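**Student:** Here are the chains, one letter per residue:
Protein chains: 2
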Amino acid sequence: MPKLTFFSSKHFLVLSLALNVSLILRLIVHEGEEPHNHSCFGPQTTGASIARTNSNMLISSSSSSNSTTCTTGSGSRVINLDHGDPRVYERFWRQSGEKSTIIIPGWQSMSYFSDVTNICWFLEAEFAREVVRLHTVVGNAVTEGRHIVVGTGSSQLFLAALYALSPTDAPEPISVVCATPYYSSYPSMTNHLKSGLYQWGGDAESFEKEGPYIELVTSPNNPDGHARISKVNRSQGFLVHDLAYYWPQYTPISAPADHDLTLFTVSKSTGHAGMRIGWALVKDKEVAKKMTKFIELNTIGVSKDSQLRAAKVLRAVSDSWEQGNPQEGESFFKFSHKLMANRWKQLRLVVEHSDLFSLPKFSPAFCTFFKEVLEPQPAFVWLKCEGNVEDCESFLRAHNILTRSGKHFGVSPKYVRISMLDTDENFSHFLERLSSIKS
Amino acid sequence: MPKLTFFSSKHFLVLSLALNVSLILRLIVHEGEEPHNHSCFGPQTTGASIARTNSNMLISSSSSSNSTTCTTGSGSRVINLDHGDPRVYERFWRQSGEKSTIIIPGWQSMSYFSDVTNICWFLEAEFAREVVRLHTVVGNAVTEGRHIVVGTGSSQLFLAALYALSPTDAPEPISVVCATPYYSSYPSMTNHLKSGLYQWGGDAESFEKEGPYIELVTSPNNPDGHARISKVNRSQGFLVHDLAYYWPQYTPISAPADHDLTLFTVSKSTGHAGMRIGWALVKDKEVAKKMTKFIELNTIGVSKDSQLRAAKVLRAVSDSWEQGNPQEGESFFKFSHKLMANRWKQLRLVVEHSDLFSLPKFSPAFCTFFKEVLEPQPAFVWLKCEGNVEDCESFLRAHNILTRSGKHFGVSPKYVRISMLDTDENFSHFLERLSSIKS
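Residue numbers (the numbering used here), protein chains in the order written: chain A, 16 to 454; chain B, 16 to 454.
Any given hint could turn out to be false.
Since the list can't tell identical chains apart, any single copy or any two copies may satisfy a pair.
[Claimed, not checked] Only pairs whose alpha carbons sit at most 25 Å apart, straight line, appear in this in silico SDA-like list of lysine to any residue: (1) K114 x K298; (2) K453 x E337; (3) K353 x S454; (4) K246 x P391; (5) K327 x I244; (6) K349 x P120; (7) K305 x G211; (8) K298 x S269; (9) K386 x G211; (10) K305 x S200; (11) K300 x N403; (12) K300 x P391.
Everything labelled a hint here was simulated from the structure, so no lab data went into it.
Since the model is a prediction, treat every value here as computed from it, not as a measurement.
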């Protein structure tokens with residue numbers, strides 16, 4: 016056990032205490048309340064493997080409301096951190112009580128239309144107001160002079176952006192590129208309909224084709240958490256900035272993002288993935304119109320219920336920061352930052368004392384939101400298997416840890432992406448399992 | 016004024032009384048409560064015309080929460096019945112009170128996943144249960160042996176069906192056909208991404224290409240309200256049945272629909288267009304899987320908030336029929352059937368006494384739901400301009416009535432589609448305006 020010899024007894028104590036505190040907290044706060052949190056994996060494992068066969072994208076959950084059998088031995092329990100389901104924030108929202116509860120009577124929001132005077136005619140004014148307010152509070156994006164387009168998650172807005180930016184009369188599809196490692200779903204989302212408008216062009220670094228192109232700039236990047244800027248940098252490029260993770264809990268806010276087309280989503284900002292609400296800030300009016308047109312042809316608008324609920328949740332986030340009354344509870348960003356900081360600290364403890372794994376290195380930077388120098392603490396770990404392990408995903412899978420292989424992100428299978436946003440319970444089990452793996 | 020001479024004083028009295036009753040009712044029930052119901056058309060007209068330039072599909076509303084100027088002269092008021100916004104049911108849902116109100120706390124439904132053991136892993140179990148129950152109550156569709164796939168409206172499910180039914184390795188895109196007059200959005204929804212998987216093939220009646228094809232069977236049909244069966248009827252056809260209007264308020268229910276792939280939506284059944292919730296009943300497991308995969312790639316699932324709200328609303332509809340307690344209020348289908356019957360009666364009164372217009376003829380049939388012989392009363396009027404008027408849309412537009420031309424439905428511009436689902440107020444104004452048009 017060469018790795019374990021590096022653990023001092025102090026390290027063990029810290030890790031063990033952290034695990035216990037988080038498990039006890041979990042028992043106090045959640046026990047018996049959470050329908051989706053069993054330690055049962057009989058049916059899920061089946062469900063998970065079926066889903067994974069169909070897709071490299073999302074797939075399978077570490078929880079289910081339908082499970083009937085359980086595996087109790089901690090080593091045989093499957094820890095699924097393949098997807099980025101943001102369960103980590105549930106505790107905050109439980110504590111927030113009525114401030115984030117929405118009531119919708121049966122007669123409300125029945126029409127297709129929200130405001131026909133707006134380019135995005137299905138955009139709820141209340142949601143738009145809270146988007147602007149939150150960006151002002153956080154300082155992570157310029158909203159002046161931007162059109163807001165709401166989408167069924169930022170996925171739909173990504174497709175809407177491709178549709179809007181593709182030339183309609185080009186002899187061949189426009190290339191869509193992104194520097195590796197890129198979000199594993201970009202290629203299949205771009206290519207699944209074999210569109211004649213756009214097609215996946217691969218790694219932006221090696222892209223050399225002449226003419227127009229669309230470059231995706233994900234910053235901080237999914238999967239590796241690094242801040243990014245455009246790589247291709249030629250005159251005929253359209254840039255789509257996917258800033259899903261540009262929030263204070265994940266990365267120091269350096270300045271308000273000021274791009275042509277920027278995507279955000281509640282899934283990663285507040286943790287409400289089930290709402291399926293994202294938004295785009297769009298400089299060009301014609302692009303905003305075409306994106307709106309795509310959403311009209313795709314889904315005739317976006318759920319009003321979720322827009323109204325998202326408005327309430329974003330308002331609660333802004334209020335929790337601006338009012339800053341400790342009796343009213345912690346601010347969302349303080350809660351989530353502390354939580355991510357704690358998880359990363361625990362993870363580093365485990366990884367630093369292993370010669371099997373390594374983590375990306377990040378430079379601390381001044382965060383204009385927290386007004387402190389802080390380190391990035393991404394929503395995913397981009398873990399590298401060191402030494403002879405060539406297929407990190409298979410290696411971890413043999414230890415019942417499900418992750419996503421680097422090959423889906425356009426790079427070596429020595430890397431895997433691991434979610435840092437799962438429940439406290441799963442995260443604790445993950446750390447425990449990881450620290451027990453011997454070379 | 017040749018038309019007007021056909022009106023007997025009795026007819027005028029009936030029409031006038033009907034208009035007054037509906038206007039008075041409207042004032043009692045709605046006044047001051049409805050944010051989206053102004054008689055103001057300054058800004059909207061602009062919004063409407065911009066939106067219509069972009070699309071032949073939806074666009075523009077007869078209402079807005081943002082209007083500041085009003086046109087009071089009844090003749091100059093623009094009556095927009097171009098789209099099928101189902102505002103007509105709002106009154107029922109106001110009366111239903113808490114039975115249809117949903118409360119969602121901030122911590123609920125945060126995960127991407129609903130049930131990973133289900134093929135459609137983002138389908139809320141509660142919604143699926145209410146779908147099955149409602150079809151059992153109404154008797155309009157077989158649910159046994161079917162997979163339910165939920166979608167962001169039935170539009171998304173239509174696209175999911177195209178994706179699922181298209182061969183992946185075909186040398187050319189599969190043809191998508193529908194008999195004329197067909198829903199005006201089918202061609203643009205099919206072709207907007209220039210997919211290499213499928214392409215619009217036009218009128219099913221004249222389709223003669225060899226090999227596989229997808230035929231859309233909309234029954235009752237949008238725009239003309241007629242019951243339909245497949246037209247092409249060859250061995251290599253995949254059928255998609257769009258049964259958005261197969262509900263008792265629109266047409267006599269003859270038998271439970273028993274097809275391979277059937278689409279429904281809350282927009283037209285209960286009037287909740289803003290929810291963007293539809294569902295597909297799918298016989299083949301692999302088709303259900305591929306449709307689910309499409310929705311994953313398109314929007315990573317469907318709003319849980321709207322699924323939960325839809326479950327509540329569908330339950331209220333089933334309860335209102337099964338409990339049948341008059342003190343608890345009328346059943347939804349009795350309310351909506353009576354309302355549509357009343358509108359069609361008034362419309363027939365106006366049109367029958369005009370030599371400018373004509374309506375489709377429908378045969379009464381036994382309705383297994385109401386257990387009576389009843390006549391269809393479609394959600395749209397498929398109006399024909401008789402005589403010399405070749406462009407019915409322009410003719411009505413000159414009288415400030417906005418409709419959708421037959422040319423968008425693959426037929427002659429002598430026809431227009433007019434919504435029968437708008438507010439009582441707009442419908443009354445429409446009848447008044449229509450009866451005042453002279454040849």
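**Student:** Which hints from the list above does the structure break, by number from lowest to highest?
**Tutor:** 1, 2, 3, 5, 9, 11, 12
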